[in-house]
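Please model the entire structure based on the sequences and the hints provided.
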Amino acid sequence: MTSSLTTITTTHWLAPADDAVFDKSAPLALCLGTGRFLRSVLVPALVGAGMKPILLQTRGRSFLEYMQQRQGQQASGDNNTKPTLSYEVDTVQPDGTVVTDHVPCGGAFSLGNAQDKQAAFDWIASQSQRQCCISILGVGVTEAGLASKDTQVMKDLYELLQLLQKQGQPLSGKLCIVNTDNVPNNASVIQSYMMDIANNHNDTDTTMQTFLSTKVAFLNSMVDRITSQRDGSNGLVPRCEPIPAKALVLLDPQHDMPPTMNGQPGVVIRTTSEQLETDIALKLRIANGTHTAIAHTLALLRHFQTDVLSNNDSNGPLFMKFLDSLVTRQIIPAAVASKSISASQGDADAAWQDWRQRLLHPCFGLSTFFITQNGTAKGGIRWGPTVTDLIASNRPITAATAFAYAVLLRWLTPYFHTDADDTNAIYKGWLDGFNPDDVVVKSGKNNHIDPKDGGEVVEYADGLCYCVKEGWYEYKCPLSVANVRGKNGRSSLPALLGGCVGRRPNKCVVAVRTYLLASTGGDLDPTTIGSKPEFESLVHAIASFYSRMVDTTIPTDKQEGNKLILDLLMELESNSVGGLIGFDTPCTAMMDHFMYLSGI
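Mapping to UniProt numbering: the sequence shown position 161 is 161, numbers consecutive.
Honestly, the hints are just simulated from the structure, not real lab data.
Just so we're clear, the structure is a prediction, and the values are computed from it rather than from any experiment.
Just so it is clear, CB atoms sit at the ideal spot from N, CA and C, and this is done for glycine as well.
Below, simulated DSSO-like cross-link-like pairs (lysine-lysine); rule was C-alpha separation at most 27 Å, straight line: (1) Lys117 x Lys155; (2) Lys507 x Lys476; (3) Lys117 x Lys166; (4) Lys321 x Lys563.
Here are the simulated distance ranges between beta carbons: (5) Thr206 x Cys363: 52 to 58 Å; (6) Lys339 x Ser531: 18 to 24 Å; (7) Asp349 x Asn394: 17 to 23 Å; (8) Asp205 x Arg59: 27 to 33 Å.
Next comes the structure, spelled out in structure tokens:
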């Protein structure tokens with residue numbers, strides 16, 4: 001059914017020219033991509049800044065058809081549907097209520113096939129005749145789309161920019177390119193791809209190169225808002241946490257961004273690269289670092305969502321005391337002392353307070369198992385800078401950091417001994433509360449059933465599953481290490497860790513040290529860090545905790561469960577590990593404990 005309020009064709013959806021939502025003189029903002037993050041963060045900011053967003057779906061037509069469906073609902077008199085010039089975004093409040101925002105949209109196109117793409121480019125070209133200014137071009141593609149200049153989305157972006165150049169598209173200042181994925185130096189990467197394509201297209205005509213250099217501003221960015229999807233919406237309705245303080249941070253050194261963007265909810269404009277680098281570093285160390293630290297702990301203890309952190313009945317306060325110690329005694333002091341970033345105490349404290357309240361959202365959790373993916377590398381990326389800065393500034397590394405590393409290595413330990421050197425293998429570990437000798441995998445690969453349907457094997461990531469009843473989980477660890485037991489003198493890290501199960505701390509030191517110094521593991525420099533006595537103290541502290549977590553001589557109760565890791569956490573909270581060790585205890589003071597556990 002066609003409505004007089006909108007224009008529907010088989011190739012695109014457009015809001016009417018006389019609608020009251022957008023000012024007739026509003027500049028256009030093109031968005032290449034229709035992902036949930038782009039629609040829940042960038043587009044609302046564009047609308048708030050007085051722009052009219054036009055969304056171009058790179059593959060498929062689902063968003064275009066969604067907007068057509070909403071228009072059809074209004075045309076048929078569905079009073080429960082808000083005006084169809086908008087799409088929906090759900091925000092889950094701390095009290096559990098869901099607020100649905102209706103975000104205005106000026107149009108929806110698809111680049112998924114030749115006909116739809118031509119319709120999109122024809123419409124954009126027609127706007128130059130109407131003297132419609134374009135201020136921002138959002139690029140909502142993922143890391144895969146930015147992998148090289150040869151991806152389809154980069155080719156589409158170049159064609160779009162080429163169209164704007166050839167049509168003499170009126171610009172309100174420079175055209176600002178804003179990417180909504182956390183690829184490092186994302187806009188600079190895009191700029192290099194566009195220039196490479198331009199250089200390859202024509203060796204003599206430099207018109208496009210001049211356009212890219214003088215008329216386009218590529219603004220590096222950082223994005224941060226946890227976004228999932230409304231159940232049953234097929235990904236079309238974002239389901240989000242409340243907008244964080246730094247949902248979208250943009251580096252705009254030449255003040256090319258329209259001034260109205262400044263002050264939009266969650267939008268922060270930076271003018272120096274040092275400021276943006278500090279924002280990214282604090283996010284990486286504090287938000288991402290604590291996520292990695294707690295996710296492996298919770299998953300091993302069979303807590304499936306991070307919202308357990310807000311639950312007093314499920315040891316939430318205990319977990320938060322661990323994270324508070326890790327951040328306030330380790331991560332923040334290291335960041336403030338760091339010579340690689342310019343973080344003030346106030347900046348670091350504010351970043352932790354913002355992230356801490358987000359972690360404690362009682363009604364918006366993420367899958368702990370999902371977060372554990374790529375943990376091998378994340379330990380180095382997210383914790384390595386903190387350890388490096390602590391040692392460089394002569395600050396103590398504490399038991400909280402050692403515990404985080406120990407839990408990560410516990411997660412990467414297989415429940416059966418293996419000499420495998422296949423770094424592409426999928427391994428199985430055992431959940432805390434089970435004895436690895438008692439874990440028997442009865443469920444086959446073809447029995448991955450959604451637990452809602454009565455199944456017991458849950459797929460938490462592509463090809464990776466867990467089974468609580470049988471006490472196992474699957475993981476990947478693509479880290480190859482030197483090991484005489486392995487083929488050609490090498491094996492996987494899980495093979496090395498598997499040999500530590502049931503052994504004393506002194507027998508675990510080699511595995512711990514090997515992981516910490518591996519460039520694709522802990523990523524600590526063997527010369528500047530690995531040679532320091534503080535590093536050796538950290539290694540021995542990790543080995544002490546890790547050996548307890550893989551101690552097969554301690555009886556475990558499958559019903560009560562959660563004994564080894566949870567008991568260790570409780571002892572750390574009460575400063576009773578070895579009689580006196582707590583979260584804040586320096587690793588240098590733990591050597592006697594290591595010797596005692598090792599029987600030396």
